[in-house]
Amino acid sequence: MTLSRIAPYLQATPLTAILAAFLVLPIATIVMVSFWDYDSIQIFPAFVFTNYEETITSPVTWSIYLNTLKYTVIVWAVTLVIGFWVAYYLAFHIRSATAQMVLFLVCTVPFLTSNIIRMISWIPFLGRNGLLNQSLMQMGLIDQPLEFLLFSDFAVVLAMVHLYTLFMVTPIFNTLMRIDRALIEAARDAGANAFQILTNVIIPLAKPGIAIGSIFVVTLVMGDFITVRFMSGGQSASVGLMMANQIALLQYPAAAANAVILLILVLLLVGGILRIVNIRKEL
Amino acid sequence: MNSERRGLGFYVLTAFFVLFVLFLYGPMTTIFILSFQGPNGGLTFPMNGVSLRWFENLLFEQQAVGDFGGAFARSLILGVMTMLTTVVVSLLAGLAFRRRFLGSGPLFYLTIASLIVPSILISLGIGLAFQVVGLEPAWYTSGFGAHLTWTLPFGLLIMFAVFNRFNPAYEEAARDLGATPWQTFAHVVLPIILPSLIGVGLFGFTLSYDEFARTLMTAGTFNTLPLEIYGMTTNVTTPVLYALGTVTTVFSMAVILVSLAAIAVLRKRRARRIAG
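So the sequence lines, in the order shown, correspond to chains A and B. Residue 254 in my numbering is what sits at position 239 of the first sequence, and the numbering runs on without skipping anything. Residue 85 in my numbering is what sits at position 77 of the second sequence, and the numbering runs on without skipping anything.
The hints are simulated quantities; they were obtained by calculation from the structure and are not laboratory data. Using N, Cα and C, we set each Cβ at its ideal position, and we do this for glycine too. Worth double-checking, as some hints may not be accurate.
[As the list claims (entries may be wrong)] Covered by chain B, per the in silico footprint, the following chain A stretches (three or more residues, Cβ under 8 Å):
#1 83-94
#2 111-125
#3 259-272
[Said to hold, decoys possible] Label pairs and their calculated CB-CB ranges:
#4 A:Ala61 with B:Ala194: 51 to 61 Å
#5 A:Asp195 with B:Phe68: 40 to 50 Å
#6 B:Arg106 with A:Val63: 45 to 55 Å
#7 B:Tyr148 with A:Asp158: 48 to 58 Å
#8 B:Glu69 with A:Gln250: 30 to 40 Å
#9 A:Leu151 with B:Glu144: 44 to 54 Å
#10 B:Gly77 with A:Asn144: 28 to 38 Å
#11 A:Arg143 with B:Arg281: 57 to 67 Å
#12 B:Arg280 with A:Asn144: 47 to 57 Å
#13 B:Arg280 with A:Ile279: 46 to 56 Å
#14 A:Ala201 with B:Ile85: 48 to 58 Å
[Unchecked claim] Derived SDA-like pairs (lysine to any residue); straight-line CA-CA distance at most 25 Å:
#15 A:Lys222 with B:Phe28
#16 B:Lys276 with A:Ala106
#17 A:Lys222 with B:Val170
#18 B:Lys276 with A:Phe119
#19 B:Lys276 with A:Leu120
#20 B:Lys276 with B:Thr149
Take the sequences, apply the hints, and build the full model.
Right, here's the structure in full:
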């Protein structure tokens with residue numbers, strides 16, 4: 016066998032080894048431990064279904080999963096609308112390639128800074144004595160500070176939209192940039208108005224980007240715990256947060272059972288998105 | 009489209025875009041301003057004077073909780089480790105995927121899976137795996153691996169984008185002129201893709217430097233910076249928290265700007281060389 020025949024295998028080995036050690040093995044461990052038993056101080060090997068039983072039969076679990084799905088649907092819808100129009104603006108209304116690049120970077124830079132800092136930065140804005148309440152009171156629109164702004168579902172959704180919209184903008188922008196402008200010209204020549212061009216040409220062609228963005232946002236929100244913990248002030252729960260609490264209590268098998276259920280749910284959602292939209296062309 | 013006059017849609021969307029940018033940067037700006045809060049100022053407006061008190065407190069005084077310097081150093085080292093590994097491994101894998109090989113499909117899906125598996129699962133899984141095997145988790149072993157599961161998929165996707173646009177004629181020309189495979193790679197391929205590799209490095213470093221969920225159960229005894237910041241949010245009630253936010257954000261921004269400048273310089277130099 017010549018070197019060039021085996022070269023790809025050698026080149027792919029580091030990636031394969033890292034993913035095997037830090038992705039496949041850990042998930043296998045989670046599945047294994049989800050059948051283990053535990054008491055208040057330690058976990059021990061066993062083959063019991065109690066972790067799943069306790070998780071599935073508890074009404075608390077159901078309401079937490081529903082709450083997580085609620086966040087997912089709301090955040091997905093909001094980021095989709097914002098992300099699409101931002102990408103649309105960059106792709107079709109900005110005419111110089113340099114301006115396009117610069118504005119795209121302006122949108123991307125916050126993604127590369129700390130999520131926790133970006134969450135903290137809402138406190139002086141939304142708090143009881145925050146900027147928003149102060150300005151609203153000065154304008155005479157409200158008599159007393161609005162309490163629902165910080166540490167509420169509203170704050171959680173706002174922070175998630177703030178953190179995750181970029182994951183929608185980038186893939187949609189990418190697909191919009193690849194649309195052949197001649198198609199739009201042709202539609203216009205054939206008598207389509209702007210709305211018809213949008214719904215019959217642009218949106219169908221943007222579907223793969225929308226799907227990729229949706230996969231990102233859905234998986235990020237489904238697994239999120241830090242935003243929920245921080246922005247709800249402990250008043251709301253998500254699956255991730257429930258897991259984090261179980262981990263803190265050293266109930267690893269319970270957390271592992273939860274993790275397996277969450278993973279199945281996330282994979283079903285991703286599978287559902289992939290059934291509706293074929294993203295293979297994008298990759 | 010370019011010949012058209014700007015319609016109403018343009019102005020509406022411009023306003024929308026400006027609002028979006030304000031939404032992205034507004035909150036960050038408020039903590040930036042509040043970190044210069046006077047010595048007696050609190051966590052919200054109004055400003056009670058202007059001072060560098062909180063930066064002084066952050067950088068030169070012993071904190072009641074935590075160890076900012078140590079956490080920063082650990083995050084920096086971990087970020088550089090992750091960056092270098094991400095660049096090398098993504099480049100190699102990107103080269104591998106240019107040809108067909110047995111198992112390329114599963115490896116690709118595995119990489120994508122790494123991106124969509126929730127971070128807390130990776131964190132829990134690696135933490136448990138280390139515990140079961142009997143290894144002590146540490147930021148430079150388990151934490152390092154956890155970060156790679158997040159940075160490598162981005163690195164590989166960037167490499168795909170690069171090699172999809174790569175013109176193989178350059179390599180063929182080099183080969184025709186008698187270059188060995190290594191010479192072709194080092195003198196032809198590498199210089200062409202260098203700006204993108206800087207981009208991969210930038211992703212690798214910043215994603216690692218800011219990663220929280222994947223570090224939570226994998227950092228071991230010592231905190232990285234995001235864990236430290238998170239710890240501070242629960243017990244610190246002075247603007248020193250904002251000073252920390254400002255310092256780390258300025259640092260991230262500096263890293264981003266230096267990388268973008270390096271990419272721009274490389275591009276310009278190449279454009280000049282092609283023109284001359």
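Each hint tested on the structure:
1. 83-94: violated (count 0)
2. 111-125: Coverage by chain B holds here, the residue count being 6 at a Cβ distance below 8 Å.
3. 259-272: Holds: 5 residues of the region 259-272 of chain A have a Cβ under 8 Å from chain B.
4. A:Ala61 with B:Ala194: 51 to 61 Å: 55 Å, holds
5. A:Asp195 with B:Phe68: 40 to 50 Å: Violated, since A:Asp195 and B:Phe68 (Cβ atoms, about 59 Å apart) do not stay within the stated range.
6. B:Arg106 with A:Val63: 45 to 55 Å: Holds, since B:Arg106 and A:Val63 (Cβ atoms, about 48 Å apart) stay within the stated range.
7. B:Tyr148 with A:Asp158: 48 to 58 Å: 55 Å, holds
8. B:Glu69 with A:Gln250: 30 to 40 Å: 34 Å, holds
9. A:Leu151 with B:Glu144: 44 to 54 Å: 52 Å, holds
10. B:Gly77 with A:Asn144: 28 to 38 Å: 32 Å, holds
11. A:Arg143 with B:Arg281: 57 to 67 Å: 60 Å, holds
12. B:Arg280 with A:Asn144: 47 to 57 Å: 55 Å, holds
13. B:Arg280 with A:Ile279: 46 to 56 Å: 55 Å, holds
14. A:Ala201 with B:Ile85: 48 to 58 Å: 56 Å, holds
15. A:Lys222 with B:Phe28: 22 Å, holds
16. B:Lys276 with A:Ala106: 24 Å, holds
17. A:Lys222 with B:Val170: Answer holds: A:Lys222 to B:Val170 is near 23 Å, not above 25 Å.
18. B:Lys276 with A:Phe119: Cα-Cα ~20 Å, so holds.
19. B:Lys276 with A:Leu120: 18 Å, holds
20. B:Lys276 with B:Thr149: It is violated: about 39 Å lies between the C-alpha atoms, which goes past 25 Å.
Hint compliance for this structure: hints 1, 5, 20 are broken, all remaining hints hold.
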